[in-house]
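Asks: So the sequence lines, in the order shown, correspond to chains A and B.
Each residue of the first sequence is one higher than the one before, starting from 974 at the first, in this note's numbering.
Each residue of the second sequence is one higher than the one before, starting from -3 at the first, in this note's numbering.
Hints were generated in silico from the structure; no laboratory data involved.
Where is the CB? At the ideal position from N, CA and C, for every residue including glycine.
Quick list of in silico lysine-lysine cross-link-like pairs, DSS-like style, CA-CA up to 25 Å: (1) B:K(-2) to A:K1295; (2) A:K1255 to B:K(-2); (3) A:K1215 to A:K1057; (4) A:K1033 to B:K322; (5) A:K1033 to B:K(-2); (6) B:K322 to A:K1295; (7) B:K322 to A:K1255.
Incomplete in silico selection of chain A near chain B, CB under 8 Å: (8) G1010; (9) V1014; (10) R1026; (11) S1027; (12) E1230.
Label-pair restraints from in silico Cβ distances: (13) B:S232 to A:Y1301: 49 to 59 Å; (14) B:A336 to A:Q983: 53 to 63 Å; (15) A:P1070 to B:G421: 50 to 60 Å; (16) A:A1217 to B:G212: 52 to 62 Å; (17) A:G1174 to B:R352: 47 to 57 Å; (18) B:P222 to A:T1030: 52 to 62 Å.
Here is how the chains run, residue by residue.
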Amino acid sequence: MTHSPLATYQPEQRALALIGGEATDANLRRYLHGIPGIDAVGLEARAADLGTRSIKTSSKRWAIDTIIGLIDLTTLEGADTPGKVRSLVAKALVPDPSDPGTPRVAAVCVYGDMVGTAVTALGSAHAAGGTEGINVAAVATAFPSGRASLAIKLADVRDSVAAGADEIDMVIDRGAFLAGRFGQVYEEIVAVKDACRRADGSMAHLKVILETGELNTYDNVRRASWLAILAGGDFIKTSTGKVAPAATLPVTLSMLEVVRDWHRLTGVRIGVKPAGGIRTSKDAIKYLVTVAETVGEEWLTPHLFRFGASSLLNDVLLQRQKMTTGHYSGPDYVTID
Amino acid sequence: MKFLDYAPAPESQALLNLKSDYGLFINGDFTAGRGTPFKTINPATEQQIAMIATANEADVDAAVAAARHAYDGVWSRLSGSDRGKYLFRIARLVQERARELAVAETLDNGKPIKESRDVDIPLVAAWCFYYAGWADKLDHAGVGPNPASLGVAAQVIPWNFPLMMLAWKIAPALAAGNTVVLKPAETTSLTALLFAEILQQADLPAGVVNIITGDGSTGQTLVNHPGVNKVAFTGSTSVGRAIARSVAGTDKKLSLELGGKGANIVFDDAPIDQAVEGIVRGIFFNQGHVCCAGSRLLVQESIHDDVIERLKRRMQTLRLGDPLDKNTDIGAINSAEQLARIRELSDLGQQEGAERWSTDCVIPENGFWFAPTIFTNVSTSHRIARDEIFGPVLSVLTFRTPAEAIAKANNTPYGLSAGIWSDKGSRILAVADKLRAGVIWANTFNQFDPSSPFGGYKESGYGREGGRHGLAAYLKPAVRTGSRSIPAAEHAPVTKKSASASKKSTSAEKAAK
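Next up, chain B with everything else stripped away, as it sits in the complex (with noise of 0.2 Å):
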């Protein structure tokens, strides 16, 4: 036998309870949704998981309507060392239910199990966490003393990561003590409304979370919707641009995570292993569904056939198939939909003339694949080099000098993410001076942590997500009433208000224990 035919290690599925059909999560509940319900399916086999709700106009309203209750009744008047209370006490369910919530999100999304186990659900809990952690800080959250929440805060959000997006949106939101509308992305509901489920076993007030799905125009609907203070969107930049459009005018608050083409510099005195390394995470983490992949890769002339020989090479040992086996690295493209986009892209690319190269894997029959592939030959002017491609593709340019690499880098209407690559500490800070993207990795790639802030210049969009940053989204500074703040003495009213609040909030701080 061959050894690197490791024998499947499947994951049990035992441990996942999931319903049949699950409704709209309002107020605290379960309802059926009054849209017309549609299938999730699993796109790694085709086969539906579960029948999910879609939410109507009504049904937005009714959302809506209930988190503007729980924010007047309860959530604003919390204090913050209770609100963390609830974060913490969500975060430690979602450890808890780790297993059960990268299963579930594995089955539903077509991620491999490793990344849901070992990356998404972790950050999960670490943004939740976090986030719990700031709650009763927010006079150190950089908008000044006492800062206000907004009040609803309606939050779209991608398939590309279904719970961490989630996270990322939710646990921001309540430490700054504001109420949500979420609407997962249409393919991926599943794990949020299992979120749901927890967010009911930790018995957090009834609407201060509400969880509507359906597919664009509920979307729409949500933050078109009068009754919202905040939008918070994370997707495509065609559909964020559409959510500028419709909430310029009015004074909710906008915070957008768009798309980008990340470049991964790759200079001549890189550590050449690890490089490989992470050109391989940067673009087939996840099939390549991460708006900051790094999906140009700009190596040094001198090093190119050098990097690509090592870069196929590593690339032949990524094992695509089941996502629930413990073995796989590439799991499956999360929609028909995707695919196609993936495959028009991908043969424009030959089309243009560059030079495709694919690993030689065996595609499963059933469900929505894509070999890991790389483009050499790749003109700045290439569409591959140019449109975020979404998916488990690579297009290579190479540059000469410092210079010329920066300017590459930064020749694209996105800037979310990029990467550099070098032994060399002065150059690596003389070139990340220089980029204009929000996040930049030295010597690694797509690394994240609650504590570091993600967001994009230009096209990637605006607002940061992550560390004490994300939380300016979702605050204002202190209304002032009359007299001009006096620093020294401000401190003391502050501190007595809020002790007087959270006295009044012994009910809710009992179910927080």
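If we strip away everything but chain A, and leave its shape as in the complex, we get (with noise of 0.2 Å):
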């Protein structure tokens, strides 16, 4: 592996060596179509071949085990209240209480105004960005359309900070990337991630969610991958799970091959985070095969991939009772939330 000396820059001095100059619109856009495009019909045709692996027995069971541990646990309602994020909260902790030994999610992801009752309700189990323990995630800058000033995103960032969120899901501004302002979405990533900064010091980590169902063109995503990982990105996030469609296997593969690309230019790890429409054991199993032969298994971390569900855990839940039992139970032996 080359490790160049971009790996010791800060992330903004990188990409100005990169682009070749200041993040205006027009270096970005030269820099970023300067990247090899996407054939669709190849890129589907891998992700359709991967999802072909056959996972059997130890390494079914160790799958099953890993996806728990990846999953970022979500609410993300309108309806939600307090007691519904504790509810989420105790089923991160014991995701299945008929057995102790089921690992723990990875983290839980609420609205902005959640944060402290999340915090709360983890207690001592608050990972706090650590290793051990439950992350808190926020979604913000105006999650899921992004349509709002920048002041006022920023404000929701800092909010959701200074609440104890550890991860910050924000959303680009699709709209000014479709409109080829990629100044603005690189601008705005940039000061978000600057949001994220703790009174301490310490750096919240940031989810870029680039909304892959609204860019439409796998050239689209590839770019939009680019773009947020050059503005500081800690992780790319395909969806919020409020747009058609969310995370695909193919979208996943498109952004896991940049995440790939990215490291063997600057030697860095960046996450992926699939989200929205991940349901089963048997969808799930689909992307770490994906993850461990695109990128290598060393990303199947929490630090490095994330499922964002909320029904996933159920349905793997199911698969862990019937490889541990032997039989099938049902809907009514996991708990609903």
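Hey, can you piece these two chains together into the complex? The hints should help.
Replies: Okay, here's the thing in structure tokens:
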């Protein structure tokens, strides 16, 4: 692996060096359009091919437990209440009351105003960015549409960080991206990243949601991925879950390829989070295979890969119970939230 | 544990019901061969699967006579729609028995089960369905109205896609109204014999398809037999040349699908990750035992290092091993003989100064295996850039301009396939126009479809298989009797004739329901 001096740069220095100038629309356009294109048919064929891997017995057991540990257990409803969030946290801590050996999920993902509730509910199990326990992720920047002024978006972020969020899931301005105002998208991400700084100087992790369902083409997804990483995103995330299609295997594959290329180029590891639409263990296993065969299985850790999901956990728990007991139970043997 | 060491996921052999001995399929029945039987082995384990009969001259005579009898007595008199019904029925039976056929193919050939399951067998069914549809539409096959069949077709097929090659040969021949004597390759007769069982299940009239097994001499006897009207061969250029020589001077119609040294051209504006996938699919699909393999990679100099680095990384994820495991990407080499040839040419490549790189994979103890290999720093004069290796070995050459790419791609005695990778549509069309290859893929490779004609230029053979063009190899223009045809009036008697023909054949029609 080539480790260029780029690895030691700050994100903004790095971007400057790569783009070859200030992050203007024109410079970014030149850079992003210089990235090799994607052939949609070929990409989808490759994803389908990865989806045919047959993961059985011991591999399946490992995969099931790994999936649980990679889940951002999510509730993003207008109808969310503190009670609902506490219940979600309880589920995150003890996913399967019938088997205390079940791993915990990576994080809970909530709206900004619920961060305080989640942090309190987690108590000592709050990982606060560490490796033990559960993190709190907050969606911010006028999620899911992103249609607000920059000032409002930044206030949204600061608010969540101050309330104890360890991870911020921001949305990019898709309108600006599609209109070719790459500089604006870039600057917003940089500003949001800066707003992730806590009083003590540490940073909340930044996940950049591309909303691939609105970007429409794989070429756009690839360019947006590069843009988000150049601007300093720690994670690139497919979707808000509010737009269809949300995460798909080909889209995730194309983002993993960017992350792999970025690592080759700079030595820096960026995370990927497919979110929305992944509901079954079978689907989730296809994602694990795709990660392992595209970027390598060292990416199968919560710092580098997450599933944004709510109903996935229960299906995985049913599969886990089946592997333990040898027979299928049913939806009444897992808790509803 | 390492996740990527996927736990074994072997396909079950339980639904296979193989016999220990297989005879010849002549005139609708299995009969013992009069030659010395030979064993067919699993190339992944070298264990015997079954004993296969050898057809001697008398057996070939009997098979050709059965085909002639069936042609004169039944098949040439059947209406197109009735022939189509049989083909549709065969296609459905292939689908019903797909899993079984896939397992048998993998066992006998060594190819990964995911390929026999997802590519070979579905294409076998697709070919039968496709030509079933043509059987009553031959007026539109491009050889004029009311074309005539040729008679008895002698077909000799290779071991790389045993059942698929069988379907490529048998389906258009039957649709066009010919009867068939087919000889599968010596090392891969098994699925052809299972296919014979399917023909029995389908109640295909006796003698319409005869399958005789044996080595090259059986094939030679068959193509030289004076009773055949058509010879179709897929295999090596040297054997093809010998067949052309022996058929010359006879009135047998000949089609040959021979070797290749396909160029896979990657331009600097290519969708790079998909191009890498295409390179892998082009040369490592079916262990490289593909006549149209993209065995020469022509990559634009400016992106050479990047492409090779990506390719090597991708190749490390290829899983070589038990062909029956559902996660296996690279199966066994089909025979010791073929393995020796691949080794010989690869060693030669090294001696000639090319740089060899193989994936780091565990080679099983028994069976015939060859790790996926690429050669860089290859010159056009190297043997590995000219000879067909027919194995998982890629030769990488570079070019700087489209003109140079075209010149290098065409600089081969073969002309079967080529691939072009570029995001620029106009360039793809301009380059494709100048490549002398029968099949050109753009931003993909090794894709097959029954509606698309397939065949070669130069030493890659002549005649086309697949599509409307594939029918031309089994048809001749209508024999004109007396008066010149008047286009408008011509259709009326034709439809009348075929209507009365189908009335006559009610018993066969019943069978084909």
